[in-house]
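Got chain A; can you put chains B, C and D on it based on the hints?
Number of protein chains: 4
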Amino acid sequence: MLEQLKQRVFDANMALPARGLVTFTWGNVSGIDRKTGLVVIKPSGVEYEVMTIDDMVVVNAQGEVLDGHFKPSSDTATHLELYAQFPELGGIVHTHSTYATSWAQASVPIPALGTTHADYFAGAIPCTRPLSREEVAGQYEMETGKVIAETLGETDPLHMPGILVSQHGPFCWGESPEQAVHNAVVLEVIAKMAWISGTLNRQMSPMDSYLLNKHFTRKHGPDAYYGQK
Amino acid sequence: MLEQLKQRVFDANMALPARGLVTFTWGNVSGIDRKTGLVVIKPSGVEYEVMTIDDMVVVNAQGEVLDGHFKPSSDTATHLELYAQFPELGGIVHTHSTYATSWAQASVPIPALGTTHADYFAGAIPCTRPLSREEVAGQYEMETGKVIAETLGETDPLHMPGILVSQHGPFCWGESPEQAVHNAVVLEVIAKMAWISGTLNRQMSPMDSYLLNKHFTRKHGPDAYYGQK
Amino acid sequence: MLEQLKQRVFDANMALPARGLVTFTWGNVSGIDRKTGLVVIKPSGVEYEVMTIDDMVVVNAQGEVLDGHFKPSSDTATHLELYAQFPELGGIVHTHSTYATSWAQASVPIPALGTTHADYFAGAIPCTRPLSREEVAGQYEMETGKVIAETLGETDPLHMPGILVSQHGPFCWGESPEQAVHNAVVLEVIAKMAWISGTLNRQMSPMDSYLLNKHFTRKHGPDAYYGQK
Amino acid sequence: MLEQLKQRVFDANMALPARGLVTFTWGNVSGIDRKTGLVVIKPSGVEYEVMTIDDMVVVNAQGEVLDGHFKPSSDTATHLELYAQFPELGGIVHTHSTYATSWAQASVPIPALGTTHADYFAGAIPCTRPLSREEVAGQYEMETGKVIAETLGETDPLHMPGILVSQHGPFCWGESPEQAVHNAVVLEVIAKMAWISGTLNRQMSPMDSYLLNKHFTRKHGPDAYYGQK
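Residue numbers (full-length UniProt numbering), protein chains in the order written: chain A, 1 to 229; chain B, 1 to 229; chain C, 1 to 229; chain D, 1 to 229.
Quick caveat, the hints were computed from the structure, so don't treat them as lab data.
Careful, some of the hints might be misleading.
Identical chains share a label here; the pair holds if one copy fits it or two copies do between them.
Stated by the list, open to error - Below, a list of computed lysine to aspartate or glutamate pairs in the EDC-like style, where the Cα atoms sit at most 16 angstroms apart:
1) K214 <-> E134
2) K219 <-> E141
3) K219 <-> E64
4) K214 <-> E135
5) K214 <-> E143
6) K71 <-> E47
7) K71 <-> E178
8) K219 <-> E150
9) K6 <-> E178
10) K71 <-> D54
11) K219 <-> E3
12) K229 <-> E143
The following block holds chain A by itself, in its conformation from the complex (with noise of 0.2 angstroms):
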């Protein structure tokens, strides 16, 4: 039954390092079956040379694994308290790429400085507080997903589709797993812009409110009028 949803995150999978997001093992992407609360996730630690689709792993909503020869991604905890908290996501992607990881070790939101970050972003990309040592001693993963709902707080996030994790990396998502890949790369080419412009003006200030909201529902919305929709 979820031979389909099995073979989308594999696809979602391999396309992390054919689009240079990860180094080795360094990423992991899930999707979910909404009808039975089914989640398909990377193994842990599996080289992506060597993965087949037989080696997604299917868990329940508490990390049980249903089947799969494989543990899931360490990362797994994580995925399923966004699953729980957003029930709008489809697909959720998690990778260590290096210019998104990098504003997450600087620990400083990235600031909307362009259409780029407008067509997909609706504001600044923010950056958890982080996390306490009881967290970090306790469920660790898990507190990495409470973390970042806390951060998002009562913005939607369909339209605000990735999150910077203060030292450690960044958590993009959508309505299936492609679109969180999608969101993925899009997150890092973002990533590496807005450090160059940082660079070429310090006193710059964030892009205007009106050309913001303009990009953004340019691409989505009731008002969408880029493509072919």
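Then chains B, C and D, alone, in the frame of chain A:
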């Protein structure tokens, strides 16, 4: 009748990903047939991997689609405004290429720092003012073309074959679609080098104007002696 | 008897250009057979494009060539000194990889800024003091090994599997040649990200030590739970 | 008679795009036959993708074309001036490679910061003064050669096999066209690393001179012991 122009515009569009200037669908090239005033342009939001020559769209000066099964690029009105303002132009390209877009986000012109720049651009590459709230709320894409023309002013567009739109990204042009793409590649290289030069020497001044003129006229105009002409 | 080690050392050397860590011949990998104390290492100045497994050189702990038709790497004495000092090591790699070398040239340690770093290095990656005039005039390559050992001090070399040699470049190691190369790739990624993070936030402090310990022990030691073990 | 040199100069030119040193036609390599004084050089403005060995141009010391159906590189007079000034040279290369050109645009020498630099360049890589208005208005390309020679002064050109021309870009050389290209690759790597190092440590001082001398003489001169010679 426009088959040849369609082929050239298609090839010029395909050169964008090959040259590393676009991510996903973030770029478009057009070409104009000055006898008929018809413009061939990329369809909106179609991925380069699957695009064929038959997907090109033909529009007239009013933006009406005369041929093609897709909607034209959402930036079509910007192209049309530039063709109307500058009869010298035969091709136009818009991208979100990383380095040029970073300068556009920083809202600063690219100073002329060396002969690579001077071989193509006869002075600093300008950055437009930000569009006003009214311009963005109105015919946004056409206003983008107008602010480009306003910024160029009396400058010969073939002496300044590219510009930065503030908070957005670069537009380039030339006597043909091929030249427009060529200039977009050059702009991206120049933007990268000017960024690096600026971090190496923060008190740097622009290049000597007599060296700039020498190099520009070595490649352009009646006294050019670069190449085989 | 050493055929298997030769093959592994050859493969590990060939991984350096494949991973983008070397220009021309600027890198070398060795492996040691702890039973016999013999070391297999890349020949000096031989280009990767033409190198074969038969070009590998076998030396003893005194650096005498026991097998091979080429001179061993000019850095052989550094490798031998490290093998003598640290019985845990099974493989060593030296490169002039761009980002790690840039930190070595700047003579500053790489601070631990995020979990990518913490997954492999249990603290800031140290940079040696400069070698003295006497050390450079004497047995230079052996002294390079000595200053690395001096800098590591009591640190477990498998908890700090790489170091920067001031004004020179990185050395990495591991329990095997493959692990040494793996760590060299990681060091290069970390070096790039730490550089970018530092330009994004000049008041940045190192990551929380409890997060660093969490991630290091998640992947290493008796309580590791990353991967399939 | 010059067929062998033509082949070598052609191959050396083709190495420029393969090594990522040129965009479009922005580079050229020449080689000299010291017995006859004839120079083989790339034709002006011909694209690498279509260039063949038969397109190489043979000129004499006065720049007169003795063989070839194309005009020689517009930089030919610079090459000829350098061959006249420095009898040690067998090959010369000019590029607009990104990082070296960025230093040339910033008009600052590249300090010697590490052993990668010292393995090839026996000190800081100088940057020429800007050419005067008169020099640019006169025999510009020949004056470029003269200012390079003026800047080198008494320095052995094989100990400093490259230089930055202010507001322009790098020229490199060697005993052969192949060595000249090799040095151009090295210069580009060094230029990138020195840029990064400088942003990591703004109070950085050049490397110790005894380490610089050690590495240069390890690879060059009678006491060299790097490689298989």
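Consistency of the hints with the structure:
In this assembly of identical chains, the alpha carbons of K214 and E134 lie at most 16 angstroms apart only when taken from different copies (11 angstroms versus 42 angstroms within one copy). Taking CA atoms no more than 16 angstroms apart as the test, K219 paired with E141 passes between copies only; the shortest distance there is 14 angstroms, against 33 angstroms inside one copy. Within a single copy, K219 and E64 get their C-alpha atoms no closer than 38 angstroms, and across copies no closer than 21 angstroms, so neither meets the 16 angstroms cut-off. In this assembly of identical chains, the alpha carbons of K214 and E135 lie at most 16 angstroms apart only when taken from different copies (11 angstroms versus 39 angstroms within one copy).
Taking identical chains as interchangeable, the C-alpha atoms of K214 and E143 lie at most 16 angstroms apart only when they sit on different chains, with a minimum of 13 angstroms there against 35 angstroms within one chain. Taking identical chains as interchangeable, the C-alpha atoms of K71 and E47 lie at most 16 angstroms apart only when both belong to the same chain, with a minimum of 13 angstroms there against 36 angstroms between chains. Proximity of K71 and E178 under a CA criterion of 16 angstroms is satisfied in neither setting, with 23 angstroms inside one chain copy and 24 angstroms between copies. Within a single copy, K219 and E150 get their C-alpha atoms no closer than 27 angstroms, and across copies no closer than 27 angstroms, so neither meets the 16 angstroms cut-off.
In the homo-oligomer, the alpha carbons of K6 and E178 lie at most 16 angstroms apart inside one protomer (12 angstroms), although the nearest pairing across protomers, at 32 angstroms, exceeds that limit. Taking identical chains as interchangeable, the C-alpha atoms of K71 and D54 lie at most 16 angstroms apart only when both belong to the same chain, with a minimum of 13 angstroms there against 41 angstroms between chains. Taking CA atoms no more than 16 angstroms apart as the test, K219 paired with E3 passes in neither setting, with 31 angstroms inside one copy and 31 angstroms between copies. Taking CA atoms no more than 16 angstroms apart as the test, K229 paired with E143 passes in neither setting, with 39 angstroms inside one copy and 24 angstroms between copies.
Of the numbered hints given earlier, the model fails hints 3, 7, 8, 11, 12; all others are met.
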